[in-house]
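If you're matching them up, the sequences are chains A and B in order. This note's numbering applies: residue 1 is where the first sequence begins, and numbers increase by one. This note's numbering applies: residue 1 is where the second sequence begins, and numbers increase by one.
Hints are computed from structural coordinates only; laboratory data are not their basis. Since the structure is predicted, the reported quantities are computational estimates derived from the model, not experimental observations. Some hints here could point you the wrong way.
Which copy? The list can't say, so a pair holds if one copy fits it or any two copies do.
In silico PhoX-like cross-links for lysine-lysine, where the CA-CA straight-line distance does not exceed 25 Å [as the list claims (entries may be wrong)]: (1) 95 with 81; (2) 21 with 88; (3) 81 with 21; (4) 88 with 47; (5) 112 with 7.
Protein chains: 2
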Amino acid sequence: MEALKQKIREEGIVLSEQVLKVDAFLNHQIDPRLMQQVGHEFAERFKGQGITKIVTIEASGIAPAVMAGLELGVPVIFARKFQSLTLKNDLLISKVFSFTKQTESTIAISAKHLTAADNVLVIDDFLANGHAAKALIDLIQQAGASVAGIGIVIEKSFQEGRALLQSEGYRIESLARVASLADGKVTFVD
Amino acid sequence: MEALKQKIREEGIVLSEQVLKVDAFLNHQIDPRLMQQVGHEFAERFKGQGITKIVTIEASGIAPAVMAGLELGVPVIFARKFQSLTLKNDLLISKVFSFTKQTESTIAISAKHLTAADNVLVIDDFLANGHAAKALIDLIQQAGASVAGIGIVIEKSFQEGRALLQSEGYRIESLARVASLADGKVTFVD
């Protein structure tokens, strides 16, 4: 998606060979017009798949997910993150380990919002090692629902997330695929 | 805003005389079409005020804020919440006490995204005692920026938030004003 790549080139900050900071337009300050274009692009790629719900994770997944939900005409659920959480009856719960923060957190979705009849599109801002996406898929499967695919705003293609998810048969659509952050420069796949 | 009140009547759950649960369409599952209408209504009420930025707080403020930002053509910044936070040079920081959770948390905005030239619309999902809005205003004032007004999706008018903020001269636009949650029933102002 060219508008997104352009924005990454102009406003993304390469902090290291692993870390791309996009807090100017995606995960702290948000560019609503770009998010609308992102939502439109997700809808184009996944339309006709019988999607009934979108699931994302707070906080940075919400803006792209809501814009995609608007275009596809489906509700969006955002999983909540907890540092610790007492088990509750009405919650679906999974764990996700963050390499960036070196902490494990619990994510949860209210069981009443997902059913076995749902066909779910997972949306997230970043795909790196795939742990967050895997935890969201775990929640969806606990509900007995199907995973229609995974929509990612920015994929760090030099990490193992895509390979991991593809090996399990999931369709992944990433709107910008970063091949490398070497030499302080963003290089895209293709 | 009638569509919002209708949704609250149909899908809001009165948990107590103090607590209205709206996780079916606002703060866990999100109705994107309703959020678009909410954003449109905020834009109608605040257009022509020279607003340059919207500031909200993660996670439930993001969807209505991004839709308002799309209509007004301005960026949205969401303040991040931390349980604890080491002081950092480039962050504006404030504290907010949650009566619901009985915990104090720290909220922060990157200083580089707000300047003294900004005229800021504050948006949040709920107004109760006004502590979250006050903390956001504190961050905006630390940046030397102006507060154009406060847009609230659901106001609990039986709590002191509106009076507190009005006494300090702020304009508040709430799209649904709840007068009472007595007898398990939502009663709106007017």
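Against the structure, the hints come out as follows:
In this assembly of identical chains, the alpha carbons of residue 95 and residue 81 lie at most 25 Å apart whether taken from the same copy (9 Å) or from different copies (20 Å). Taking the closest pair of Cα atoms, residue 21 and residue 88 come within 25 Å of each other only across two copies (17 Å); inside a single copy the shortest separation is 35 Å, beyond that limit. Within a single copy, residue 81 and residue 21 get their C-alpha atoms as close as 21 Å, and across copies as close as 18 Å, so both meet the 25 Å cut-off. With identical chains, the CA atoms of residue 88 and residue 47 are never at most 25 Å apart, being 35 Å at best within one copy and 44 Å at best between copies.
For the homomeric pair residue 112 and residue 7, the shortest alpha-carbon distance between copies (18 Å) is at most 25 Å, but the shortest distance inside one copy (38 Å) is not.
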